[in-house]
Structure formats: structure tokens, C-alpha cells
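What follows is each chain in one-letter form.
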Amino acid sequence: ETGVTQSPTHLIKTRGQQVTLRCSSQSGHNTVSWYQQALGQGPQFIFQYYREEENGRGNFPPRFSGLQFPNYSSELNVNALELDDSALYLCASSFPPGTSGGASETQYFGPGTRLLVL
Amino acid sequence: AQTVTQSQPEMSVQEAETVTLSCTYDTSENNYYLFWYKQPPSRQMILVIRQEAYKQQNATENRFSVNFQKAAKSFSLKISDSQLGDTAMYFCAFMKPYGGSQGNLIFGKGTKLSVKP
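Line by line, the protein sequences are chains A and B. So the first sequence is numbered by this note's numbering: it starts at 158 and just counts up by one. So the second sequence is numbered by this note's numbering: it starts at 138 and just counts up by one.
I should point out that these hints are in silico values taken from the structure, not numbers from a laboratory. A few of these clues could be false.
[What the hints assert, rightly or not] Simulated pairs of lysine to any residue, SDA-like, Cα-Cα distance not exceeding 25 angstroms:
{"hint": "1", "chain 1": "B", "residue 1": "Lys207", "chain 2": "A", "residue 2": "Thr263"}
{"hint": "2", "chain 1": "B", "residue 1": "Lys192", "chain 2": "A", "residue 2": "Thr263"}
{"hint": "3", "chain 1": "B", "residue 1": "Lys233", "chain 2": "A", "residue 2": "Ala260"}
{"hint": "4", "chain 1": "B", "residue 1": "Lys249", "chain 2": "A", "residue 2": "Gln201"}
[What the hints assert, rightly or not] Covered, in the sense of this in silico footprint (three residues per stretch, anywhere, with C-beta under 8 angstroms from a C-beta of chain B), are these stretches of chain A:
{"hint": "5", "stretch": "209-219"}
{"hint": "6", "stretch": "257-268"}
A quick note: this is a predicted structure, and the numbers were derived from the prediction, not measured. Ideal Cβ positions, reconstructed from N, Cα and C, are used throughout, including at glycine.
Using the sequences plus the hints, can you model the full thing?
Okay, structure coming up:
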């Protein structure tokens with residue numbers, strides 16, 4: 158069984174640039190969620206994708222956008238990078254919404270992408 | 138809105154001893170899920186244990202167990218026979234069931250646990 162993978166592991170960008178982060182879900186999972194974790198904080202929910210559509214969104218501006226592909230992998234795109242976007246970006250996968258026994262509520266995380274904006 | 142509070146920023150324990158990490162939450166929901174995740178210095182968030190609110194029995198996973206007090210909105214994690222590999226940040230998290238949520242976990246700020254030899 159393959160776990161959640163993310164790429165790249167580290168990234169350095171300058172303010173105003175755009176970045177794309179990638180995530181492959183765990184085998185058997187078709188729902189992907191993205192979180193931002195600032196230093197010393199708990200993760201904050203950005204959005205979730207299911208069936209290639211955004212299924213829910215946290216309190217993040219529209220310059221944070223995403224995609225999900227037919228193979229369930231996902232991208233997080235951030236435009237017009239700001240210094241405060243420097244963080245660890247975590248991807249998590251889960252079974253589809255409504256799967257019984259708490260399976261859809263249980264999310265499994267990848268190793269994260271560390272983004273530094275200068 | 139739901140909130141999760143972890144009141145212990147840092148804790149330490151001697152190897153082989155037992156430690157309890159605290160978590161409280163606020164919600165008006167009757168049915169929900171609670172989780173403990175571990176994040177070692179390698180950064181990967183690892184699921185430790187899950188509790189369904191409708192189950193009265195406390196969840197256990199090997200050396201890890203929880204004390205779930207629904208009325209008090211308390212969800213503590215007990216680690217028995219602590220090992221050096223348990224050194225990590227521990228996050229408590231809450232989720233409403235699908236149909237009442239966006240699919241998002243709500244995390245506390247974490248407790249940094251150090252296991253000393």
C-alpha cells in the first residue's frame with residue numbers, strides 16, 4: 158500500500174511569484190485535503206477536493222487554488238506569494254465523504270512541502 | 138465554531154514512564170470525531186488514535202489510550218511505557234461528520250513531548 162506523497166520537499170520563492178505543490182493520495186483514497194502549518198502552530202485547513210471539484214474551503218484568499226486529477230492526485234497553487242505564505246504545506250487523503258465507520262473522516266498525511274518566501 | 142485547546146505547550150517524561158497529554162474542545166455537535174496526531178521532527182503528521190463521540194468506550198492502540206469525557210468535552214492521550222521515538226509534537230484534532238463539515242480537521246496548537254533517557 159502506497160502512502161501519501163508530496164513534491165517537492167523544499168521550495169524557496171520570492172514575493173510575488175507563483176508556486177505549485179503536488180500531492181499523490183494513498184491508494185484507495187479519492188479525497189484530498191490541503192493544510193497550511195505555520196511555524197509553531199497547528200495546521201489550518203485550506204480546501205478539500207473530491208471528484209475533481211472543491212468540496213470545502215477554509216479561510217484562505219482566492220490566490221490559493223487547487224486541482225484534482227482523474228487519478229486523484231492534486232495540486233495546490235498559490236499566486237502572488239507573500240512573506241506570510243512561508244509555511245509547511247500538508248496534503249492529506251481519505252476515503253470518499255460518507256464512507257461508513259469514520260473512514261471518510263480519518264485523514265492520512267504526507268510528509269509536507271516546506272515553502273520559504275523571501 | 139469549533140475550537141480545540143491544548144493547554145500544555147511542552148512536557149517531558151522519562152523513558153518507560155507514563156505521560157498524559159490534555160485536550161479540551163468546544164462544540165455544540167452531538168456526533169463528531171476526535172483524533173491525536175503525532176508530528177516528529179521529520180514533519181510527517183502520523184495518526185495515533187481516533188475516537189468516535191457516539192462510542193462510550195475509550196479507544197486504545199497498543200501503548201496509546203484516550204480518556205474521552207464527552208460531557209466535559211475533554212480528550213486526553215495517555216502514553217504508557219514511553220519510548221525515545223515518542224518524542225514529537227502531539228496535536229489534538231476535531232472533525233464533524235460529513236454532512237456537517239467541509240471535511241476539515243480543526244487542530245489545537247500542539248504539545249511538544251520530550252522523552253528523556
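Here is what the structure says about each hint:
Simply put, Lys207(B) and Thr263(A) have alpha-carbon atoms about 20 angstroms apart, close enough for the 25 angstroms limit, and the pair holds. The straight-line distance between the Cα atoms of Lys192(B) and Thr263(A) is roughly 16 angstroms, inside the 25 angstroms bound, and the hint therefore holds. A C-alpha spacing of about 13 angstroms is found between Lys233(B) and Ala260(A), which places the hinted pair at or below 25 angstroms, so the restraint holds. Between Lys249(B) and Gln201(A) the alpha-carbon distance is near 18 angstroms, which keeps this suggested pair within the 25 angstroms criterion.
With 4 residues having a beta carbon nearer than 8 angstroms to a beta carbon of chain B, the stretch 209-219 of chain A meets the requirement of three or more and the stated coverage holds. Coverage of the stretch 257-268 of chain A by chain B holds [criterion: at least 3 residues with CB-CB distance below 8 angstroms; count 9].
Comparing the model with each numbered hint stated earlier shows that all of them hold.
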